[in-house]
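2 protein chains.
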Amino acid sequence: MLTLYDNLSSGNGYKVRLTLHQLAIPYTRIELDIDKRETRTPKFLAKNPNGRIPTLELDDGSYLPESNAIIFYLADATALLPSDRLARAQVLQWMFFEQYSHEPNVATSRYWLTHGFEITPERQTMLETKKKAGQDALAVMEQHLQRQSFFVGERYSIADIALYAYTHVAEEGGFALAPYSAIRAWLARVAQQPRHIPITQG
Amino acid sequence: MLTLYDNLSSGNGYKVRLTLHQLAIPYTRIELDIDKRETRTPKFLAKNPNGRIPTLELDDGSYLPESNAIIFYLADATALLPSDRLARAQVLQWMFFEQYSHEPNVATSRYWLTHGFEITPERQTMLETKKKAGQDALAVMEQHLQRQSFFVGERYSIADIALYAYTHVAEEGGFALAPYSAIRAWLARVAQQPRHIPITQG
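Here the protein sequences come in this chain order: G and B.
Using my numbering, you'd call the opening residue of the first sequence number 1 and step up by one each time.
Using my numbering, you'd call the opening residue of the second sequence number 1 and step up by one each time.
One or more hints might be untrue.
[To be verified] Taking lysine-lysine and the BS3-like style, the derived pairs with C-alpha atoms no more than 27 angstroms apart in a straight line are:
hint	chain 1	residue 1	chain 2	residue 2
1	B	36	B	47
2	B	36	G	36
3	G	43	B	131
4	G	36	B	47
5	G	43	B	43
6	B	131	G	36
7	G	47	B	36
8	G	47	G	36
9	G	47	B	131
10	G	43	B	36
11	B	132	G	43
12	G	132	B	132
13	G	132	B	36
14	G	36	B	43
[What the hints assert, rightly or not] Facing chain G, a subset of chain B residues (Cβ under 10 angstroms, in silico):
hint	residue
15	49
16	50
17	57
18	88
19	90
20	115
21	119
22	127
23	154
[Said to hold, decoys possible] Some chain B residues well away from chain G (every beta-carbon gap over 12 angstroms; in silico):
hint	residue
24	28
25	52
26	118
27	187
28	193
By construction, these hints were calculated from the structure, which means they are not laboratory data.
This one's a predicted model, so the numbers in the text were calculated from it and none came from an experiment.
All residues carry an ideal CB built from backbone N, CA and C; glycine is no exception.
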């Protein structure tokens, strides 16, 4: 049985939980407290030297970190990942966009604002920079979704799962979604997929 | 023929040039001046709404952005990308690590220091934060390379290309590589691969 090292508040963890649930793959979940640095203990660093959840323990005892690599692994040869070479690269294109242009802005702002961080003047300046960059990322998504129902090939895939995870809770990071009507319609389509679960479900 | 929208100083662009050269794929290269915001013109935004190089124009006229998605596409079904499901996910694991934990620290510091940015007190504070996070990423790589010759499966792959691009010029970003002997030995192994080209070669 697969074991997922996870934190319920994490959108990166949620990507993996949602993919596992939609593929009906059973797993054991181990909750780690990020704020108490439980991902930086020697015991956990032996599993993932980068000290981050989610990390998936496979049946052979090996460990796979990085949320988007994990869901690519899980979705391989399923309906959640296209088999066409270009479509598969486009799925990855949006997943790298998510980790580079979206997550460090939208997710980090949410983390600071919901985990009791003191908003120092320095952090306030960084929040403003992240607000601008996060809005730029949302604008790129909005423009794409004005022409497409899902991110790649008009079909729900792990590209949608990767971008849904932090977009659907973007308001917790101070990002109003009201101006993004195509994103809001897409969020509703994703939530209507079979076997959808909320971020709060372990 | 493929067309690569590129900038010679970019490590992200270099990943694609190196992969194309090692796979002996002919291409046309179009140089864009990032400092003059040539990636943010309406004409270029029509190709990549996220306004970044590298972006690859395919034979069918479609555009593929995101350096790591591009090299995954190019390397598919070649010796540069393992066919085994887990090894392929591990290649992606290191490529997502590169874009999230390495590039925003090591590459951004190099960009500020080599493109004539004024180092304001605010930017100095950010450089110090990036120094610490970049050193953490290099330490994760060093630990891995103390046990392995290449990042995945003891074989040179696009995971090595992705991490080589900004690591081999890390000193331009203020990161001394002297303490990382396993990384330095790996840099030499990568540079010895057949059909290797330097970052300066278009």
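How the hints compare with the structure:
no.: 1; hint: B:36 with B:47; verdict: holds (18 angstroms)
no.: 2; hint: B:36 with G:36; verdict: violated (45 angstroms)
no.: 3; hint: G:43 with B:131; verdict: holds (26 angstroms)
no.: 4; hint: G:36 with B:47; verdict: violated (44 angstroms)
no.: 5; hint: G:43 with B:43; verdict: violated (51 angstroms)
no.: 6; hint: B:131 with G:36; verdict: holds (24 angstroms)
no.: 7; hint: G:47 with B:36; verdict: violated (44 angstroms)
no.: 8; hint: G:47 with G:36; verdict: holds (18 angstroms)
no.: 9; hint: G:47 with B:131; verdict: holds (25 angstroms)
no.: 10; hint: G:43 with B:36; verdict: violated (48 angstroms)
no.: 11; hint: B:132 with G:43; verdict: holds (22 angstroms)
no.: 12; hint: G:132 with B:132; verdict: holds (25 angstroms)
no.: 13; hint: G:132 with B:36; verdict: holds (20 angstroms)
no.: 14; hint: G:36 with B:43; verdict: violated (48 angstroms)
no.: 15; hint: 49; verdict: holds (5 angstroms)
no.: 16; hint: 50; verdict: holds (5 angstroms)
no.: 17; hint: 57; verdict: violated (13 angstroms)
no.: 18; hint: 88; verdict: holds (8 angstroms)
no.: 19; hint: 90; verdict: holds (7 angstroms)
no.: 20; hint: 115; verdict: violated (18 angstroms)
no.: 21; hint: 119; verdict: violated (16 angstroms)
no.: 22; hint: 127; verdict: violated (13 angstroms)
no.: 23; hint: 154; verdict: violated (15 angstroms)
no.: 24; hint: 28; verdict: holds (19 angstroms)
no.: 25; hint: 52; verdict: violated (8 angstroms)
no.: 26; hint: 118; verdict: holds (16 angstroms)
no.: 27; hint: 187; verdict: holds (20 angstroms)
no.: 28; hint: 193; verdict: holds (23 angstroms)
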